[in-house]
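Peer 1: The chain contents come next:
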Amino acid sequence: MITLSHYLLISAALFSLGIMGVLTRKNAVNVLMGIELILNSANINLVAFSRYSSNGIDGQMFAIIVIVVAASEVAVALAMVLTMYRLLRTVNLDQADTLKPTCKVCATSIPN
Amino acid sequence: MQSLRYFYPELTLIVAMLLVVIADISFKRLRSVLNPLLTIVSLLLAAYFTAYINHSQEANLFLGMLALDSFAQFFKLFLLLAAFLVVLGSLQSEELSQVHQGEFFALLLAVTLGMLLMANSINLAILYLSLELVSLTSYIMVGYLKGDRLSNEASLKYILFGAISTGSMLYGFSLIYGMTGSLNLYTIRDAFLSQGVQGFDQFTTLLALVLALAGFGFKTALVPFHFWCPDVYAGAPTPVTAFLSVAPKAAGFGILVRFFFSGMTQTTGSEWGLVNGINWPLVLIGISVLTMTLGNVAALTQNNLKRMLAYSSIAQAGYILMGSVVLTGEGLKSMLIYLFVYLFMNLGAFLVVTIIYNSDKSFEIGDYNGMFKRSPFLAFAMGVFMLSLTGIPPFAGFLGKLYVFLAVIEKGLIWFAVVGTLNAALAAFYYMRVIKAMVLEEGNGNVAPLQVSFLNQALLVALLIPNLLLVFFWNPIDRWTASSARLFGGL
Chain R
1 MITLSHYLLI
11 SAALFSLGIM
21 GVLTRKNAVN
31 VLMGIELILN
41 SANINLVAFS
51 RYSSNGIDGQ
61 MFAIIVIVVA
71 ASEVAVALAM
81 VLTMYRLLRT
91 VNLDQADTLK
101 PTCKVCATSI
111 PN
Chain A
1 MQSLRYFYPE
11 LTLIVAMLLV
21 VIADISFKRL
31 RSVLNPLLTI
41 VSLLLAAYFT
51 AYINHSQEAN
61 LFLGMLALDS
71 FAQFFKLFLL
81 LAAFLVVLGS
91 LQSEELSQVH
101 QGEFFALLLA
111 VTLGMLLMAN
121 SINLAILYLS
131 LELVSLTSYI
141 MVGYLKGDRL
151 SNEASLKYIL
161 FGAISTGSML
171 YGFSLIYGMT
181 GSLNLYTIRD
191 AFLSQGVQGF
201 DQFTTLLALV
211 LALAGFGFKT
221 ALVPFHFWCP
231 DVYAGAPTPV
241 TAFLSVAPKA
251 AGFGILVRFF
261 FSGMTQTTGS
271 EWGLVNGINW
281 PLVLIGISVL
291 TMTLGNVAAL
301 TQNNLKRMLA
311 YSSIAQAGYI
321 LMGSVVLTGE
331 GLKSMLIYLF
341 VYLFMNLGAF
351 LVVTIIYNSD
361 KSFEIGDYNG
371 MFKRSPFLAF
381 AMGVFMLSLT
391 GIPPFAGFLG
401 KLYVFLAVIE
411 KGLIWFAVVG
421 TLNAALAAFY
431 YMRVIKAMVL
441 EEGNGNVAPL
451 QVSFLNQALL
461 VALLIPNLLL
471 VFFWNPIDRW
481 TASSARLFGG
491 L
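Protein chains in written order, with my numbering: chain R, 1 to 112; chain A, 1 to 491.
So that you can see chain R by itself, here it is in the shape it has in the complex (with noise of 0.2 Å):
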C-alpha cells in the first residue's frame, strides 16, 4: 500500500539529490537538470497533498503552474549557456570567472 509518506520521501530524496547535482557539478548542462529535479520534488509534494487530502485541487492547478515555468526557465537558461558556449567556447562554469574582483598585485605577478 503505498502512503503518502512514501510520495513524501520520493520527494525529499528528489530535492536532496537536485541539490547536490546544483553544487557539485561543474558543466552548465547538469546544473540545470539539477534544477529541474528541485522543480519536480515540489511538484511531486504539490500532487500528493492534493490527492491525499480533501482540499480541492489547488495544489494539482500548482503543480502545472509549476511545469510550465519550469518550461520557461530552461528555455531562458539554455539560451544564456548557448550564449556562453558562443563567447567562450565551453560550458563549463568554473571558466566563468570574468567578473571576478581583480586584484592587481596578482595580475602583474602572474603572466598568464
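Bear in mind the hints are in silico, worked out from the structure with no lab data behind them.
We put the CB at the ideal spot given by N, CA and C, even for glycine.
Heads up, a few of these hints could be off.
[Said to hold, decoys possible] Stretch-level coverage of chain R by chain A, calculated; a stretch enters the list once three of its residues show a Cβ under 8 Å from a Cβ in chain A:
#1 15 to 29
#2 35 to 42
#3 52 to 62
#4 65 to 79
#5 82 to 94
[Said to hold, decoys possible] Pairs of lysine to aspartate or glutamate residues, derived as DMTMM-like cross-links and limited to a Cα-Cα distance of at most 20 Å, are as follows:
#6 Lys-146/A x Glu-94/A
#7 Lys-100/R x Asp-148/A
#8 Lys-100/R x Glu-364/A
#9 Lys-411/A x Asp-478/A
#10 Lys-26/R x Asp-97/R
#11 Lys-146/A x Asp-97/R
#12 Lys-361/A x Glu-94/A
Use these hints to put chain A onto chain R, whose structure you have.
Peer 2: For chain A alone, coordinates are given in the frame of chain R:
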C-alpha cells in the same frame, strides 16, 4: 468579471507590452521614438489608474488570488515610479545604445507587470508565478548585451542562483500547502491558528519557512542568498543594474511582508502576535544583522564603483529588513519610508555612474579622480546621493534611518539599533571615498569638461530634489505610509 475593473493598471501594461513589440517590427523608422514614448505613456497611465482606484476597501480580486489594499497601492506606485525613472535614465545610455532597444522596453514593462502582481498577491501560486515572471525577464535584461562576456556571465550566474532559490522556495511552499491544505495566505493563517502547535511539527514548519525565505532572500539580496548580487550588478548594463537594485528588491520586501504578516501573524490590538509559536522575527533579525555587516565590510575594499554600490545595496536591504522584524505598525511604516527614500538616492547614484561611463568608459573609482573640476554639477549630485545613502542629517537617507532605528528602539531592541548605527558609521567610510576621489584627488590629466545632456541634467535635478527636500516634507510621507501600513486590520 467584477475584478477586472480593479485590474486596469496591469491590463495597461500588458497592452503596452504587446504594442511595443508590434511597433518595434512594423515602424522601422519611428521605433526609436515610438517605443520609449509608448513605455512612458503606459507607465504614467498605469500609475494614474493605480492612484484612481479606491484601495482602502480591502477586497480580494479573482477569487482570492490578489489583494486590493493600500499596502499594494503604495508598492504599485513605488514600482511604477522606479520603472519610469529607469526608462528615462536608460534613454541615453551608451551601453544600451549599441544594441537594438525594442525588446528592452517590452521586457521592462513585463518586469513591471510581474512586480505589480507580486505586490498584491495573496495566493502562493500567484506569488510564485509573479516572482518567476520578474526573475525570468530580469535574467534576459541582465544578459541583454549579447556579445558581451561580462553581461552573459552575469546573466548565467543570476539564472542559476535564481532558479535554485526559487526552487527551494517552491519546495517550502509545497510543505506549507501540505500542512495547511491551502494556498491562500489568510486560510493558511487560520489553519495555523486553529490547529495549534501540536497539529504541526515545529521543525517542519521552520524548515518550510526557511526554504520559502530563500526565494524572498534571493529577490531582496539578503545575506545567505546574496552571492549573485555583486557579479550581476557589475556585469549588467548600468540602467538595468539601477532597476534591479531598487524595484525587484522593493517588490521582494512587499511579498516578504505579505507572506510573513498575513500568513504567520494575528492581530492583537496595535501589535501583531506570532501564530503557532513560529518565531520567524528572530530568524529575520539574525539575517538583517548579517546582511548589514557583510554588505558594509565587503564594500570597503571594492574599487569598481558598480560592485561597491552592489554591496552597499545589500547593506541597505539589511536596514530595510530591520523595520519588518519588530512586528509593529511603526516598524512596517519605517520600512516603507526607507524604501521610498532609497529609490531616489540609489537611482541617482546609478544615474551618475551611467553618465560618467558614457564618456569615460570606466567604473573604477580611481578614474573618478578630479571629477569636480570636469563637471561640478555631477560631483555635487554624486556627493548628495552618497551622503544621503550614508544617512547624514539634511538629506533624505537620514529620514529612512531615523524611522527604522526609532521603530526598533521603541520595541526595546536597543542592541539591534546599536548594530545598525555602527554599520552606518562603517558605511560612511566607503561612501566618503567616492566623494574624496571626485573632489579632493587630482585628476589623471584628463581635464576635458564632461558634457551632461539636457535630459540627464533634468533627471538628476528631479532625483536631487527629493533627496534634498524630503526631510522638510516628512509629514505627508508619514501619513501616506502610515495609511499604507494599516493592512490586515492592524495598527
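Peer 1: Hints first: check each against the structure and report whether it holds.
Peer 2: Hints and how they fare:
Given as covered by chain A, the stretch 15 to 29 of chain R passes the check, having 5 residues with a CB less than 8 Å from a CB of that chain where 3 are the minimum. A stretch counts as covered by a chain when three or more of its residues have a beta carbon under 8 Å from one of that chain; for the stretch 35 to 42 of chain R and chain A the count is 5, and the coverage holds. A count of 6 residues in the stretch 52 to 62 of chain R with a Cβ less than 8 Å from any Cβ of chain A is obtained; the coverage claim is therefore met, three being the minimum. Here's how the stretch 65 to 79 of chain R fares: 7 of its residues keep a CB closer than 8 Å to some CB of chain A, so the rule of at least three is met and the hint holds.
Here's how the stretch 82 to 94 of chain R fares: 5 of its residues keep a CB closer than 8 Å to some CB of chain A, so the rule of at least three is met and the hint holds. Taking the CA atoms of Lys-146/A and Glu-94/A, the gap is about 15 Å. The hint holds against a cut of 20 Å. About 15 Å separates the Cα atoms of Lys-100/R and Asp-148/A, which keeps this hinted pair within 20 Å; it holds. The suggested pairing of Lys-100/R with Glu-364/A holds, with an alpha-carbon distance near 14 Å, which does not exceed 20 Å.
Distance check on the hinted pair: Lys-411/A and Asp-478/A sit about 19 Å apart at the alpha-carbon level, within 20 Å; holds. Taken as a hint, the Lys-26/R and Asp-97/R pair is honoured in the structure, with Cα atoms around 13 Å apart against an allowance of 20 Å. A hinted pair counts as satisfied when its Cα atoms are at most 20 Å apart, and Lys-146/A with Asp-97/R qualifies at roughly 17 Å. As the CA atoms of Lys-361/A and Glu-94/A are separated by approximately 9 Å, the hinted pair is consistent with the 20 Å bound.
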